[in-house]
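Peer 1: Spelled out, the chains give:
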Amino acid sequence: MVNALRFSLFAMCFVAVGIIAWGQFVPLSYQQNIMYVVGSGGHLHSKLGELKDFRGVDIVVLGSSTALTGFDPRLFEEHGLSLFNLGSAMQTPIQTELLVERYIDELNPNLVLIETYPGVFGSDGTESALNLVANDYLGLDSIVMAWRVRNLSVYATMVYSAWRQMTGQDDGFVEEKEKFGTSYIAGGYVERPVHTLNDNSVYPEREWTLLRRQRTAFQRTLDKLQMRGIEVILVRAPIASAYYGSFTNNNDVDKYFQDTGLQYCNLNEEIPLTPAHFFDEVHLNQHGVEVMNLWVINFIKSVSKAITQ
Amino acid sequence: MRNFAYPYFSRDIAEFWRRWHISLSTWFRDYVYIPLGGSRGPMARRIRNTLVVFALSGLWHGANWTFVVWGILNALYFLPLMLLKRNRGNMEIASRGMLLPALSDLLAIISTFALTSVTWVFFRAESVPVALSFLRRMFSSSLFTVPQLRESIPTLILIFMFVAVEWLGREHEYALAAVGSVASRRVRWLAYAMACLAIVLYGQTTGSPFIYFQF
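Chains A and B are the protein sequences, given in the same order.
Residue numbers for the first sequence follow this note's numbering, so the first one is 1 and each next one is one higher.
Residue numbers for the second sequence follow this note's numbering, so the first one is 1001 and each next one is one higher.
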């Protein structure tokens, strides 16, 4: 037993040093499980950098890329509402919970709008975990979040990220506002170019899967917001109608969100959109964002107790 | 019971089947081959018995023609050795007592591995046409192009390390059996820690079904 403990300690130190050395000296193209990318495609680094400028905002948006590229602060500003978009690429409820715990008190919004794209409830959260590990500070909550994701690459990347943060190697990093065809807009929004979806695609029938650990994290997030007395509205952003129609259990998904007892709206059933409003089958282009945001603003003003006319 | 005895160091198919899935081979020998007459009787009967045993062992793996083809291919590899009475030529482990394989052993090992690899294409394919399509592409003109190895270097290094460990321990029941007597605790711990590091750096992070779940 003593030898086993000694070996375990030795192996942990060896592996940690090995991860650091491998990440530091081996080119990224040879990496597999150390996926450390500061300044990734979703502009998370920029978003978290300017978060302190949005204290006391009216609305905070949470969710995956459908939220990140779906809620434009400039459009809300035109209607007298300040908004900070805390959405991020492939953000699952496991990561939403961490972001709420870290930043919601600092942002102190009147209303939290959670975009509930069912696809992320079926994801294990690895991509978003890697994004957070590389672009946000590490803490005990990061370890808990990584444990919930249960992915070797997240653990390896976290060790390497700890080293990078301790040595301050990325302290001076400045993220480009324009990259991969997207533009970062102050307030956390990422604008995509106006590209029209060619929706002649045929999608096979399938069902949304809502993983239990994602549902559990989602409920914990709602509980944390409720404890803080923050109003929550759930919104399911529109996706291309052919893609939406290929899923046979949309009603079951709606019922799950309705059973939370919160205000919930499935915009796929409310807003008539055409392929001309979409960038791809899941994301709106800027035309679609304008239509959706106007609808959501009116919806919020009609149902929200925290946001008055 | 020892079930696999370094089968990929076999120098011919007969030796391969003495070293691969020994429990199953023994069962088929005792309950199918010998009751059918085994190696006794006229040549035609011995050939029939061999084909039946291999085909049945293919079917044992699944109700698909691919497994039957896999079994019969192995039988076709085995029959020439049996007919030439060379199926019991390599009873000892290859290059016993030698650090490196003899050239003749090395060539025999490589060619036996290549032959079994062809049969594995049928074993893993969804159907016979898919397997044939796979083989057509394997043996197309691309066979003579220079492979792009850059991205495969870590994998090749790991493969070399595993093969080396197996080779150096081949005269023992399991490859690492002798390690404790030749390497100090520090060396062993370092090797184990390096294995842990390799898993962390390159271990598969997405699930894939365990191949034998389908059985």
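For the record, the hints were derived by calculation from the structure and aren't laboratory data.
Hints may contain errors.
[Unchecked claim] Over 12 Å on every C-beta distance to chain B, these chain A residues come out as not near it, computed from the model: (1) R6; (2) Q32; (3) A186; (4) Y264; (5) E269.
[Stated by the list, open to error] So the derived label-pair ranges between C-beta atoms look like this: (6) T216/A <-> H1172/B: 47 to 55 Å; (7) L1107/B <-> G119/A: 31 to 39 Å; (8) E106/A <-> S1184/B: 51 to 59 Å; (9) A1198/B <-> R212/A: 42 to 50 Å; (10) I1199/B <-> W208/A: 32 to 40 Å.
Where is the CB? At the ideal position from N, CA and C, for every residue including glycine.
Peer 1: Could you tell me which of the hints above the structure violates, numbers in ascending order?
Peer 2: Of the numbered hints given earlier, those the structure breaks are 1, 2, 7 and 9, listed in rising order.
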